[in-house]
Amino acid sequence: MEVTEASVLLLPFAAASVGVARRRLVSDLIAADVYDPAVCDVALVISELFSNALRHAAPLPGAQIRVAWQIDPASVRVSVSDGGAPTVPELGEPAQGATGGRGLRIVEKLSTKWGTSTTEDGTTVWAEVPVRPLAAESEMTGVGMRVVARESG
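Take the sequence shown: its position 59, counted from the start at 1, is 42 in our numbering, and no numbers get skipped.
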């Protein structure tokens, strides 16, 4: 990860697009040698941001949503831009038995920072998720577990 890598996708404003964005992001992270648990964290964050936009906001012109990410050596910045909503995204206080309302709390927990920006075109919600390059981990397996012993010979 010597060079910053960035991607921007314009996708249909539809639930099926969440998986498309997540798969493309994961592919880019793996290609950039990002350590496995961080890949899962970033994928969860982008899924939450995307799902929140679908649930609470209007689409961008052309019934689209914009998803972007930038991979740096220490973090991945992800963002989702939509056509805006009557309210600003904020941390909720879901009732104990509620089935929703925890998405931004998950984003907050997995991110070093997150925020929103609003323009006349809509709203962007972004988050920075810490990552480590795979090469920084000594003797790791493909699923992020430390190698305890090696066979010789």
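Honestly, the hints are just simulated from the structure, not real lab data.
Any given hint might turn out to be false.
[Said to hold, decoys possible] Pair by pair, the computed Cβ-Cβ distance ranges are:
{"hint": "1", "residue 1": "LYS96", "residue 2": "ALA(-11)", "range": "28 to 34 Å"}
{"hint": "2", "residue 1": "PRO44", "residue 2": "THR99", "range": "26 to 32 Å"}
{"hint": "3", "residue 1": "LEU(-8)", "residue 2": "ARG88", "range": "21 to 27 Å"}
{"hint": "4", "residue 1": "ALA46", "residue 2": "THR95", "range": "22 to 28 Å"}
{"hint": "5", "residue 1": "THR99", "residue 2": "ALA(-11)", "range": "33 to 39 Å"}
{"hint": "6", "residue 1": "SER(-10)", "residue 2": "THR95", "range": "34 to 40 Å"}
{"hint": "7", "residue 1": "ALA46", "residue 2": "ASP16", "range": "32 to 38 Å"}
{"hint": "8", "residue 1": "SER(-10)", "residue 2": "GLY45", "range": "30 to 36 Å"}
{"hint": "9", "residue 1": "LYS96", "residue 2": "ARG6", "range": "33 to 39 Å"}
{"hint": "10", "residue 1": "GLY45", "residue 2": "GLU91", "range": "26 to 32 Å"}
{"hint": "11", "residue 1": "GLU91", "residue 2": "VAL3", "range": "23 to 29 Å"}
Note that the coordinates shown come from a computational prediction; the quantities given were computed from them, not determined experimentally.
Where is the CB? At the ideal position from N, CA and C, for every residue including glycine.
To see whether the hints hold, each was checked on the structure:
no.	hint	in the structure
1	LYS96 x ALA(-11): 28 to 34 Å	18 Å, violated
2	PRO44 x THR99: 26 to 32 Å	20 Å, violated
3	LEU(-8) x ARG88: 21 to 27 Å	25 Å, holds
4	ALA46 x THR95: 22 to 28 Å	33 Å, violated
5	THR99 x ALA(-11): 33 to 39 Å	20 Å, violated
6	SER(-10) x THR95: 34 to 40 Å	20 Å, violated
7	ALA46 x ASP16: 32 to 38 Å	36 Å, holds
8	SER(-10) x GLY45: 30 to 36 Å	19 Å, violated
9	LYS96 x ARG6: 33 to 39 Å	26 Å, violated
10	GLY45 x GLU91: 26 to 32 Å	31 Å, holds
11	GLU91 x VAL3: 23 to 29 Å	25 Å, holds
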